[in-house]
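For this one, chain A is given, so just place chain B with the ligands on it according to the hints.
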Amino acid sequence: MNSKFPLFPEAASSFAHHVDTLYFFLIALSVFFSVLIFGLVLFFAFRYKRKPNAEDPKPMLGDLRLELTWSIIPLLITMVIFVWGGLLYYHQLTPPANAQEIFGIGKQWMWKFYHPEGRNEINELHVPVGRPTKVILTSEDVLHDLFIPAFRTKMDVLPGRYTQIWFTPTKTGTYHLFCAEYCGTKHADMKGTVTVMSPLEYQGWLNGELGQDRMDKTGKELFKQFACQTCHQDQSLSRGPSLTGVYDSMVLLNNGKTVKADADYLRESILKPKAKIVQGYDAIMPTYKGQISEEQLIQIIEYIKSLKEPQKEVN
Amino acid sequence: MTRLQRKHYINNGYGALSWFLTLDHKRIALLYLITATLFFALGGAFAIAIRLELLTPAGDMVQSETYNKMFTMHGIIMVFFFLIPAIPAVLGNFLLPIMIGARDMAFPKLNLASWYIYMLGGLFTFVAMALGGVDTGWTFYTPYSSTYANSQVIITALGVFITGFSSILTGLNFLVTIHTMRAPGMSWFRLPLFVWAHYAASLIMVLGTPVVSITIILVALERLFHLGIFDPALGGDPILFQHLFWFYSHPAVYIMILPAMGVMSELIATFSRKRIFGYSFVASSSLAIAVLGFLVWGHHMFVSGQSMYAGLVFSILSFLVAIPSAIKVFNWLATLFRGSISLQTPMIYAFGFIGLFTIGGLTGLFLACLAVDVHVHDTYFIVAHFHYIMVGGVIMAYLGGIHYWWPKITGRMYPEWWGKFSAVVIFIGFNLTFLPQFVVGYLGMPRRYHFYPEEFQILNVLSTAGASILGIGYMIPLFYLVWSLRYGKVAGPNPWNAKGLEWTIPSPPPTENFDGTPEVTEEAYNYGTNHA
Ligand SMILES: [Cu+2]
Ligand SMILES: [Cu+2]
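If you're matching them up, the sequences are chains A and B in order. Each residue of the first sequence is one higher than the last, beginning at 1 in the working numbering. Each residue of the second sequence is one higher than the last, beginning at 1001 in the working numbering.
There are no misleading hints in this set.
Chain B is faced by these chain A residues, among others (derived, beta-carbon under 8 Å):
| no. | residue |
| --- | --- |
| 1 | Val19 |
| 2 | Leu61 |
| 3 | Phe82 |
| 4 | Phe147 |
Computed footprint of chain A on chain B, listed as stretches where at least three residues anywhere in the stretch have a Cβ under 8 Å from a Cβ of chain A:
| no. | segment |
| --- | --- |
| 5 | 1060-1071 |
| 6 | 1143-1156 |
| 7 | 1233-1242 |
| 8 | 1294-1307 |
| 9 | 1314-1320 |
| 10 | 1325-1334 |
| 11 | 1369-1379 |
One-sided excerpt, in silico: chain A residues whose CB lies under 8 Å from chain B:
| no. | residue |
| --- | --- |
| 12 | Leu7 |
| 13 | Pro9 |
| 14 | Ser30 |
| 15 | Tyr89 |
| 16 | Lys154 |
| 17 | Leu158 |
| 18 | Cys183 |
Keep in mind the hints are simulated off the structure, nothing from the lab. Think of the CB as a built atom: it goes at the ideal place given N, C-alpha and C, for glycine as much as any other residue.
Extracted from the complex, chain A is given alone in its bound form:
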């Protein structure tokens, strides 16, 4: 955002340069073929310009070898682009296991971000440089899309489920953050800034607001408030499964399948408990749809994530 009239976006994430390299390759390819094709058109137009009273040229019906050549060469080139783009896409969509998680909620027309340490922000996102960061996203109303051009990534934000975006910022500074999916009247206003800070500054920033509880702490209170612990306890008589260590584990269902207990699974378990039933348990869990807000939900999930050691004193 420094230059007044830039022609190329800043590159501030670990894969920004990879995307740019591919982009430049495609530009080179496009320029080559445009010049080739248009050059030939113009060359032929002058070289074979019709002379007055000229006879019609001899017909040329076709040539299989030529047809094959100009089918196979583009095919090979496009397959190279496909593989290259596909590998990088895989990288763009697959956060590393050690990524730090932040939650983001989009709604008409603002972004809210929640840091596990308890700090929240609106239309701004603070992240530390050099650390892989994953933002788990959902919407309270229509589709939105979190787009950070300097990081060369974006992801749609949907109501009713989680999507995620990740990046490793490589350069401190402030960058644009846009909503890229049309979401109604003030779509163009649904923008903000991403501030990349040094880890030390970030730590300071996280602690900057006093009196904020960590998300898992708030989540623990909600867990009690909604009386989840009446069924979910770390003891064998519990009516529901223990939630300790469930996050990111593989859960065996009563239909014999296993699913990974990611944020989306936890979300579904709470809002639509009948959708997947854990093996060995009855479908007695009530739905909390309409009772728990998106914000409370991510706090409860953050609490469940924090349950790594068996809890002794849930009550």
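Then chain B with the ligands, alone, in the frame of chain A:
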């Protein structure tokens, strides 16, 4: 002023009813020509208003709500009421029966009905506009359209739904006509490539349009009765909408571009006086595009939250569909090689098509390429790309075709100098409008933004400057073509000395096209065979 003598389809009957109740495919084509031009003017007016608003970074000309309605109407009118019908319903209607040696379409009444249905759909759209307009974007994404938008979604949706039937019936009519009405000797591989292209496009119209019609009705149902189809709050799935919508709307691009490619083949052959090189490859690539075109819709959804593996599959299929288009371009090039090329207006437009379509096609590779699409999706890069194909490609071919067949349609020539001049103005204006949008898109400017950060301004100003040139470029032909109706040189049956059945009959053609049934004894584009 010289006069056209004798009786032809235009002076065969006067008065409004002779037009509004006509069953003559040529007159119906003219009805479409006039109405589609009006829609184009209206859609263009919205485009100009949009570009004016974007001249400055602040949203200072209209309110956001109005801006959103403007780009929505621009999209709906241009896509459903101009680009989709333009070439098939105007040039296709006029020429297809003549090119295959038929008296008319297989179902003349259905043909007229298509036009009325199209007009009815247009009427709904106008009513929606009069009642305040619609602000969902032409893509109607849910749950915004089905639950949240406070605008005339249902009436507009009905308009699009109704117009869809016009497209379906036109496609059906073309298919049956091509199958059953070919003159003796007109075998499949003697068909002009224009006919092949329309055949392929008709397949898409008939198979794809019902899907978008149903989808749009589902949106209306969810809106009216809160059936949970697309809105997660009601138990629906918003991505399902996108699948259904793009299942039609990607192939819809080929409904537009295939007929344009058909026009291109005719222009290239006539103005280089050669049979199209690799005729059967050009013909079958149209069919390949029609089939593959149905398998790539998911490339609009790489960051929609669909699975990554779906993304990979749709990406590779999207690259595959680029190949048949490349085959066509290379075959046209080979046709020019050692041709006898004359650069009259239609050929200038054809060259314009090759230039713009090449850029549009190559930038399509950026979007099929997953990693780059993640960055440029829903930015101005996409806006620029699809305008290169749909406006650069389709309208260049459309105007090229209008100029080429103008003497056949009206019996008179357009003024050549003005024709070339407008083609050049349009080419320059177009590039100035849309090249900067690639740059601003990669910079990160999202589409459908009423206002934007200051550093994007210069590129937007360039784009608006280009749009005004482009607007003037599109207006010039309007004037001189109307002028030529009275003052143009009388053309005679075959001013280009071209091959093809349409050039064997008088201009303008008589109502029944041919005296008796023509017998076809030679291949299409049978130029230069006196050597042998
Ligand atoms: Cu938005
Ligand atoms: Cu598409």
